[in-house]
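Using the sequences plus the hints, can you model the full thing?
Counting from 3, one number per residue, gives the positions in the sequence shown under the numbering used here.
Heads up, a few of these hints could be off.
[Stated by the list, open to error] The calculated PhoX-like cross-link candidates involving lysine-lysine, where the alpha carbons are at most 20 Å apart (straight line), are:
| id | residue 1 | residue 2 |
| --- | --- | --- |
| 1 | LYS127 | LYS144 |
| 2 | LYS102 | LYS83 |
| 3 | LYS161 | LYS32 |
| 4 | LYS74 | LYS56 |
| 5 | LYS161 | LYS41 |
Think of the hints as simulated: they come from the structure by calculation, not from any bench.
All values reported here derive from a predicted model rather than from experimental measurement.
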Amino acid sequence: MDNRGNNYAFIDGQNLNLGIKSLGWSLDFKKFRIFLREKYNVSIAYYFIGYIPKNGNLYSSLRDYGYILIFKPVVTDGQNKPKGNIDADLVLRAMIDYDKFTKAVIVTSDGDFHCLVKYFVKNNKLLRIIVPNFKYSSLLRKFSNHIVNIQLFRNKLEKSQQKREAFPRDETLW
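Written out as structure tokens, the structure is:
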């Protein structure tokens, strides 16, 4: 699969963060942005996230690393936990920008994006689905030839790692 071109990433921020934390490690967002650029030639990386005012430092850092933040207003669920469902925003942005990118990288494990993934595959616009853990939706499983688990790159993307290594471009790693 050719990853050259003007590729865009559409990142389900909450899904990425919680998925990795469930495996006991923390993602270095700066390294992840470099990874997307070097491995998949991602020029634009949209990061969809619920807006919580006290997280201003996080938002500033993500912008500094090169992400374009798309905020969703946050509501609380019945247990007073914040909820910022970004699914419609991600799909809408992907379709607004459809003619601007060569291929898309979608970062999620959420089956709610099945229709978007299916459309991108049909139109040869999907490069990869990056899933944050092994518990991804069965609706995405039929696209397994496009799925890569971020766990394969934990040693390069984990927050505590001091030295950044070059990312292999060999597609045989998948």
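Each hint tested on the structure:
With a CA separation close to 16 Å, the supplied pair LYS127 and LYS144 stays within the 20 Å bound. At roughly 36 Å between alpha-carbon atoms, LYS102 and LYS83 are farther apart than 20 Å, so this suggested pair is violated. Between the alpha carbons of LYS161 and LYS32 the distance comes to roughly 9 Å, so the proposed pair stays at or under 20 Å and holds. Taking the CA atoms of LYS74 and LYS56, the gap is near 15 Å; set against the 20 Å cutoff, the hint holds.
Only pairs whose Cα atoms come within 20 Å are accepted, and LYS161 paired with LYS41 is accepted, the gap being roughly 18 Å.
In terms of the numbered hints stated before, the structure departs from hint 2 and from no other.
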